[in-house]
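Novice: Here's the letter readout for the chains.
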Amino acid sequence: MSEKLKNKNEFDDISDSRQKHNNVNALARIDKPESENHAMESLFNSLEKINRIERFNFLSKLNFKQAKINIASKIKNLRKETRILERVWKIVELSRNENRPKTIDYINDIFSDFVELSGDRLSSDDKSITAGIGKINGKTVAVIGHNKGKDIKERIKYNFGSSNPSGFRKSRRIMELADRFNFPIITFIDTPGANPAIEAEDNGQAGAIAKNIEFMFNLRVPLIVVLIGEGGSGGALALAIGNYIMMLENATYSVISPEGCAAILWKDQTSTKQAASMLKLTAKDLLNLKVIDKIIHEPLGGAQNEPARMIKIVESNLMDALSRFENVSGEELKLERAKKYEILGFYEN
Amino acid sequence: MTDFKCKACGKMLDLDVFLKDLKVCHYCGYHYMLDAKTRIEYLVDEFTFNEITENIKAVDFLNFTDVKPYKDRITESQQKSGISEAIITGCAKIGGYETNLGVMDFMFMGGSMGSVVGEKIKQLADFTISNKFPLILVCASGGARMQEGIISLMQMAKTVSAINRVKENKIPYISVITNPTTGGVSASFATIADIIIAEPEALFCFAGPRVVKQTIKKELPSDFGLSERNLKNGQIDMIVKRKDLKEVITRLLKLFSVGQS
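Chain order of the listed sequences is A and B.
For the first sequence, my numbering begins at 965 and goes up steadily by one.
For the second sequence, my numbering begins at 591 and goes up steadily by one.
Bear in mind the hints are in silico, worked out from the structure with no lab data behind them.
Note that the structure is predicted; figures quoted are calculated from it, not measured.
Among the clues, some could well be false.
In silico DSS-like links for lysine-lysine, alpha-carbon gap of 25 Å or less [unchecked claim]:
{"hint": "1", "chain 1": "B", "residue 1": "Lys-803", "chain 2": "A", "residue 2": "Lys-1038"}
{"hint": "2", "chain 1": "B", "residue 1": "Lys-831", "chain 2": "A", "residue 2": "Lys-1254"}
{"hint": "3", "chain 1": "B", "residue 1": "Lys-658", "chain 2": "A", "residue 2": "Lys-1040"}
{"hint": "4", "chain 1": "A", "residue 1": "Lys-1254", "chain 2": "A", "residue 2": "Lys-1303"}
{"hint": "5", "chain 1": "B", "residue 1": "Lys-670", "chain 2": "A", "residue 2": "Lys-1231"}
{"hint": "6", "chain 1": "A", "residue 1": "Lys-1231", "chain 2": "B", "residue 2": "Lys-722"}
{"hint": "7", "chain 1": "B", "residue 1": "Lys-627", "chain 2": "A", "residue 2": "Lys-1231"}
{"hint": "8", "chain 1": "A", "residue 1": "Lys-1038", "chain 2": "B", "residue 2": "Lys-661"}
{"hint": "9", "chain 1": "B", "residue 1": "Lys-808", "chain 2": "A", "residue 2": "Lys-1231"}
{"hint": "10", "chain 1": "B", "residue 1": "Lys-808", "chain 2": "B", "residue 2": "Lys-627"}
{"hint": "11", "chain 1": "B", "residue 1": "Lys-683", "chain 2": "B", "residue 2": "Lys-670"}
{"hint": "12", "chain 1": "B", "residue 1": "Lys-803", "chain 2": "A", "residue 2": "Lys-1254"}
{"hint": "13", "chain 1": "A", "residue 1": "Lys-1303", "chain 2": "B", "residue 2": "Lys-647"}
{"hint": "14", "chain 1": "B", "residue 1": "Lys-610", "chain 2": "B", "residue 2": "Lys-803"}
{"hint": "15", "chain 1": "B", "residue 1": "Lys-757", "chain 2": "A", "residue 2": "Lys-1175"}
{"hint": "16", "chain 1": "B", "residue 1": "Lys-627", "chain 2": "A", "residue 2": "Lys-1175"}
{"hint": "17", "chain 1": "B", "residue 1": "Lys-670", "chain 2": "A", "residue 2": "Lys-1044"}
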């Protein structure tokens, strides 16, 4: 195929999809971030302008070939970007899917003789976090995790997995107990973030999170973290200073929700998908950034399709993870944990 | 034009008086934000501050672009503030006592904590452990730096880990909360200090007033997140006016009697 012909085909292809673009325009306005829509629109407009000029100046020696090639490649890039945005957004939605197995499901199916422990011994019992001790592979471990609930009744009971200071303090109490009796600790992370409320602030939300982080750095037992759904900011980190951190394929872990990020930086809710993609909150991204140690693959289409199988997969991964630390001393566990986090960061020196 | 209107009480302030009062309103006592350099000037003994790790600079490792590329935001902040990052760290004498000091600057990208702030605090902690002088961090921050994604969240863990080592070495750590200190900074190194001092009316909370208001869809109490409310709720040790800050810190350093020259 000659160079000329090849280009022609490429443009035919574009004008063809221009038609499609028009047809799906109404839909696209809802689906796609506004800013990106504008970009696509203006590229097509430029292309049209060039075509018009070309038509009326057919005698002129002006050559529009390069300009057209440039626009074509820009459109191609924009399409690719859109595909990435959609892929990331699908993961954000899956991570929040109501039918994914929740902390309670993992606890019920994996740990035998589980006994739930309640209360922070200071003020109350925060239901957004379930904590207790149980057995896995014949060994006693402490288990702590956020609850989200499956239906609206449960969700309200668990406050949508948004914890108060008393929830973090309850967790710390159970961690202390585990540390004293040399029980490894397993945490399940699934929270939109710590509860933003007046009472939470009055009870020292910031300090409760910070104190938990500090406490985990002093543990002399292994702490295994499994990110099973949404890993929302400080509320997630408050249970997640691990020796080994595993993340489900469609879970997310982020400094801020895509919605919150879009509202603050773009000042615009239509940029939510773009924010999600920029934040690099998927398991793949986090493995690349060395924030997690392992991705746990989910059944086809997501954990919600085969919850029982998902739980089995997590169980076997937990057993593997625990066996890694069987012969590691408490002091070493503590030092390794500190080192793991203190090297994180990118800067110029 | 040496007069201006106080943004808190609306009274006319004389600039000379305002500066003499360390940028506090003569009438209503409102404490204006300080940039890091001015804070250091007000707090430490003259000519005793020696900066460390001044060459650590931010990089845009995620290629983060919102309405503006992160790269441009860094450059703009550096030009506007005249400092390289949202914290200046070093050692200094306060009331004759040797200290290790970190001062955050809200004017630099809202004092947000990214890799550089995390690394500078970590190195200051290492420095502290080597010289055993007390550690003082003056906080002013909107929280974690979103442009560094999850790595900014990890700086909460990193700074807490580093300061945990300082505390293990039984070296006193004082944090000074200034307006505003929220989000990732309030939920990490700011709140694990041996002593927490706050300036009057400083906003010190995890979730900011806007977020809380949006979530609960109710008006917030007028003192939401402020030092006075935090003191009442047992979240801080004391509220100290800017003019007394140096004296109070000196008294504490004397009581801990470490690093006396």
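Novice: Taking the hints in turn, state whether each one holds.
Specialist: Hint check results:
1. Lys-803(B) <-> Lys-1038(A): Cα-Cα ~42 Å, so violated.
2. Lys-831(B) <-> Lys-1254(A): At roughly 43 Å apart (the allowed maximum being 25 Å), Lys-1254(A) and Lys-831(B) break the hint.
3. Lys-658(B) <-> Lys-1040(A): holds, 23 Å
4. Lys-1254(A) <-> Lys-1303(A): holds, 13 Å
5. Lys-670(B) <-> Lys-1231(A): Between Lys-670(B) and Lys-1231(A) the Cα gap is close to 22 Å, so the pair holds against 25 Å.
6. Lys-1231(A) <-> Lys-722(B): violated, 45 Å
7. Lys-627(B) <-> Lys-1231(A): violated, 31 Å
8. Lys-1038(A) <-> Lys-661(B): Roughly 22 Å between the alpha carbons, so the hint for Lys-1038(A) and Lys-661(B) holds.
9. Lys-808(B) <-> Lys-1231(A): holds, 22 Å
10. Lys-808(B) <-> Lys-627(B): violated, 39 Å
11. Lys-683(B) <-> Lys-670(B): Status violated; Cα separation ~28 Å.
12. Lys-803(B) <-> Lys-1254(A): violated, 36 Å
13. Lys-1303(A) <-> Lys-647(B): Answer holds: Lys-1303(A) to Lys-647(B) is near 22 Å, not above 25 Å.
14. Lys-610(B) <-> Lys-803(B): Status violated; Cα separation ~37 Å.
15. Lys-757(B) <-> Lys-1175(A): holds, 13 Å
16. Lys-627(B) <-> Lys-1175(A): violated, 30 Å
17. Lys-670(B) <-> Lys-1044(A): Not satisfied, since the Cα-Cα distance of roughly 36 Å exceeds 25 Å.
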